[in-house]
Amino acid sequence: MTLLAVTRLELRRLFVRPLGWIIGALALAELGWRFALLLQFFLMNQVQLASIPDGPGYTDIVIMPLLSSIALPFALAELALLIVPLLTMSSLASERAAGTLGLLYASGLSATRIFIGKYLAVLVWLALWLALALAIPVSMAQGAHLDWGKLAAATLGTFLTLAVLAAIGLACSAFSQHPAASAALALIVSVTLYCVNLGAQHAGVDSGFINWLAMSTHQDNMMRGLVSSVDVSWFLLAIAVALALGIHRLASDKERG
Amino acid sequence: MNAPKPASPPVLKLEGVSRQRAGRPAVHQLNLTLEAGQVLGLLGINGAGKSTTLAMIAGALLPDEGTIELQGKDFQEYPEQAGQVLGWLPESAPTWPELTVREHLDAHGRLRGLKGADLKRAGDAVLARLELNDLQRRLAGVLSQGQRQRLGLACALLHRPALLVLDEPANALDPVQVVALRGLLREVAAAGTAVILSTHQLGEVTAVCDRVAILHEGTLRYDQPLHANGHTALEKTFFDIALAGRMQPA
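Protein sequences appear in the order of chains A and B.
If you're matching positions, the first sequence starts at 1007 in our numbering and goes up one per residue.
If you're matching positions, the second sequence starts at 35 in our numbering and goes up one per residue.
If you are wondering where the hints come from, they were derived from the structure by calculation, not from laboratory data.
In this text, a Cβ means the ideal position worked out from N, Cα and C, and glycines have one as well.
Hints may contain errors.
[To be verified] The calculated label-pair distances, taken between Cβ atoms and stated as ranges, are:
1. A:Leu1032 x B:Arg172: 54 to 60 Å
2. B:Glu111 x A:Asp1212: 32 to 38 Å
3. B:His265 x A:Ile1028: 51 to 57 Å
4. B:Gln63 x A:Leu1204: 53 to 59 Å
5. B:Pro131 x A:Ala1035: 23 to 29 Å
6. A:Leu1204 x B:Gly180: 29 to 35 Å
Throw the hints in and build the complete structure from the sequences for me.
Have a look at this one:
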C-alpha cells in the first residue's frame, strides 16, 4: 500500500535526522526533571494527602501535572506546542523546496495519500515520545497506587492534543515555502487555538463559543478523567479541518506548479 | 480465421496539452506520440517549455488543457498505474539528503509497489548497472552532483518503467559517465522502454536519439526522425528555430 510506503519513508526521515532526536531527548530530560520535582512534592506531603478522604493521589499530584500545566509550566502538552512545529516543519515545506515532492507525485500518489502518509508517520513519532514520557511515572506503579482509569483518559486527551498539533503543523508545512516559516506559522496557530479562551477565563466566563473553541477546554476535561463524546468530537473535528486544508493546499501544488 | 491483433497503444500520447506559468503560456497545444523503444530528444532553448512538458508527463504538474495518455490510459484517471509505467529524473536530481543511496532505492521501490525479494533484486541490479555499489551506504546529502544524477537515474530505472523521462540527465556527469549513460539509454531502448530526453546538448541527441522534437516558446516547432548524418542538419534546424524571433527585422 503506497500510503504506508510514504509513512515508512517519512518515519525513516524523522528517525535519521538529528533534530528529532535532539528535541525529543531535551523534552524528555525536562519532563524527567519535572517528574523529580513533582515526586518530591508528593513524597513530602504523602502523609497529609493520605489523611484527606478522596484526596489527590500519585496520579493527580505527579502524572497529571507531567502531562499538562496544572501546577508547573512546561508540561508535555506545552512542550508539544514547540516540538511539533519543529518536527513537522520539514515534512512538506522542505520537500517542495528540494523538488522531492514532485517525485512523490510522479509515483502516482495523490495529495491525500502523501499528506495522510506523512501524518501517520508524525503520529507514530509522537506516540513513541508520549509512551517514553509516560514510562517515567508509570515505572513507579509497583510502589504507588495508580488510578488507571484517570491515567487512560489523560493519555487519550494528551494523544488527541498531539494529533491536533501534528495536523496543524503539517498543514502549515503544506502552506509554507520554507521550513522556518512553517514552524513559526504552526506555533502561532497552535498557541492561539490552545489558549484562545484565556481572556474569557480571566473575565470569569466558563462557557460559550470561545471556550468551546479552545483546545485546552477539551484537554482539561480529559485530564480530570472525563472522556465525553463532545470533547473527542472536537479533537476529531480539529484534525479533520487541518487535514482537509493541508490536503487542499498540497493538491493545488500540481495546479500552481 | 484469426481476428487481426489490435495494435497496442503508444506508450505516451499528448493531445492538445497546454500549461500557463506565471501568466504566460509555457506549453501551448502540444501533440506528441512516443512508441515503445523510441528515444526522443527534446530540444529547446532555456524557457522553451521542456521541463514543464516533462513535469506534466511525469504527473508533477497538471496540464491546464489537453490529455496525457500512458499506454492508452489517461494518467489523471489512473495515477497509480501511471506511477508504475513511468520513471522520471527531474533536472538537478532531487534527493532526500538524510537518506542513503540504498534507502532511496528502497523508498522509490516501495512507492511503486515493489517489496521484499523483488525490491532487493531490483535495487541490486540498478546499483550494479549504474556503478553505485560502493556508494550504497552513503548519504545522498554528501554525494557529488554527478553521483546524485546517477542515483536519480537508478531510482527512475528501478521498477523497469515502460517510459523513461529524463530532464538533462548528463548534467554534471564526466565524459566517461556520459558515454556510459549513452550506452545505458541504448540498452533500455533496445529492451522496449520508450525514452524522452530533454537536453541542451545537440551531440547528446545525435548520439542516442532516433527522433528529435524542438520546442520553442511553448510550441512544438519540429518533430522528425533523426537521420544518420543528421548533426549538421539538426544544428541548422535548431538555430533557425531558436533564433527566428531574434533575427526578424524590427
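Evaluation of the provided hints:
1. A:Leu1032 x B:Arg172: 54 to 60 Å: violated, 29 Å
2. B:Glu111 x A:Asp1212: 32 to 38 Å: violated, 53 Å
3. B:His265 x A:Ile1028: 51 to 57 Å: holds, 56 Å
4. B:Gln63 x A:Leu1204: 53 to 59 Å: holds, 58 Å
5. B:Pro131 x A:Ala1035: 23 to 29 Å: holds, 28 Å
6. A:Leu1204 x B:Gly180: 29 to 35 Å: violated, 56 Å
Consistency note: the structure conflicts with the earlier hints numbered 1, 2 and 6.
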